[in-house]
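There are 2 protein chains.
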Amino acid sequence: MINIVSTGPGQQDCMSYEAVEAIKQSDVIVGYKKYIELITPLIHEQEVFYNGMKKEVDRCKKALAFAKAGKTVAMVSGGDAGIYGIGGIMQEIVLEEQSDIEVRCYPGITSAHAAAAVLGAPIVHDSVYISLSDLLTDIEVIKKRLHAAGMGDFITCIYNPKSKGRPHYISMARDILLEYKDSQTPVGIVKNARRDNQEVYITTLQDMCDVPIDMSSMVIVGNGDTYVKNGKMITPRGYRR
Amino acid sequence: MINIVSTGPGQQDCMSYEAVEAIKQSDVIVGYKKYIELITPLIHEQEVFYNGMKKEVDRCKKALAFAKAGKTVAMVSGGDAGIYGIGGIMQEIVLEEQSDIEVRCYPGITSAHAAAAVLGAPIVHDSVYISLSDLLTDIEVIKKRLHAAGMGDFITCIYNPKSKGRPHYISMARDILLEYKDSQTPVGIVKNARRDNQEVYITTLQDMCDVPIDMSSMVIVGNGDTYVKNGKMITPRGYRR
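So the sequences go chain by chain: A and B. For the first sequence, full-length UniProt numbering assigns the number 1 to the initial residue and increments by one for each residue that follows. For the second sequence, full-length UniProt numbering assigns the number 1 to the initial residue and increments by one for each residue that follows.
Be a bit skeptical, because a hint or two may be false.
Intra- or inter-copy, both count: the list cannot distinguish identical chains.
Claimed, not checked - Derived BS3-like pairs (lysine-lysine); straight-line CA-CA distance at most 27 Å:
1. Lys-62 to Lys-229
2. Lys-144 to Lys-71
3. Lys-54 to Lys-191
4. Lys-71 to Lys-164
For the record, the hints were derived by calculation from the structure and aren't laboratory data. Since we're looking at a predicted model, the values are computed, not measured.
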């Protein structure tokens, strides 16, 4: 049995009851090191297996091996495991092996939604979610999607906005969006949303790259109606029209 | 004090610990009738105010009046209050009145993510979220966004896909997406995701309108890589390349 468990920002407050139960009642917890550390208060007698970035396939194979040995596995993933999380590859590996191991998915709060709740209500209307990581996606596909996000005047949530290996992608994203959006479009950036070391910035599309951004940041670019008032970033749904 | 509380699909299992606490510790619970009914087990001594669809502005004004009278209000919203939920207009009304009432937002599991966890892992890559409701959005804007969703080969999550007043919008959406996506693109449709009366359908873009769809349905259209195997709908992130 493999439970794919979304842990949201990480602490129990922001996790669902069923996700917490699935972790508590597992024999083994498997996950990326950072996500395991965030849920330390939930770890008691369970066995723990973790590894690092780019080891996702190995991690999933390990989880499957534990499950085949009769153990109840909690494969944990920050945010929602189904949104850029481990949920996809874990299920692909079970399907490839034609294993009859049962897999259950426990949804959670993805980082864009945790960040939005901190900023105000920036994503109340139509939105797109794009990752700038080119590890698994061709940069030309990423560019095409940024253009489509601009064309559709979508609220744009940018995952994995900046890493050491690709520091300039975020300015590329800004430049593409500037082809369609006003330079004063509000942008909210939340680093470590709903974690102890949370940082919040509200800026504009033009100036967004002046704010410190890293892989723990969520960048939310507004649509043509988004405004900032009293430190809150709001995209109207249209009730006032 | 107004707590904007996301209740996800509705039952406690899928709610965050902090959301449940905010409801339990409120003096008054305010919300749309259906969302209030779903959280009945959490209602004990709290006062309750509910009303119907299209009464959102009145509901928010009522919540603000309760808060001004010194009560702790839980304004509840199904899914995530910040994703097509009451979170936006509630904050707009507080800002308009220049009230110094404190507002806190409790994020939750939006219906696309609840549905995705039921279907497998359909939204693991870049995605768009579009509502087909034209109550608050011009139909031409909706069409433009559907074209952009197709152009960008995004996974496309359709909120409010069909109501009695606009039964044909879902076939319009299908037809626009068919200009860009293969007719055999997998489509997952979940009605009442993670509620007692859940219904799950996996079909294709071409045939999606043959499935019963209503306002309680979430429609998830895959991207060019999405596949169906053993009843699971999966969009690969690319780890296998």
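Each hint tested on the structure:
1. Lys-62 to Lys-229: Classified as between; 22 Å across copies, 49 Å inside a copy.
2. Lys-144 to Lys-71: For Lys-144 and Lys-71, neither the intra-copy (43 Å) nor the inter-copy (49 Å) Cα distance is at most 27 Å.
3. Lys-54 to Lys-191: For Lys-54 and Lys-191, only the intra-copy Cα distance (22 Å) is at most 27 Å; the inter-copy one is 36 Å.
4. Lys-71 to Lys-164: neither (38 Å within a copy, 48 Å between copies)
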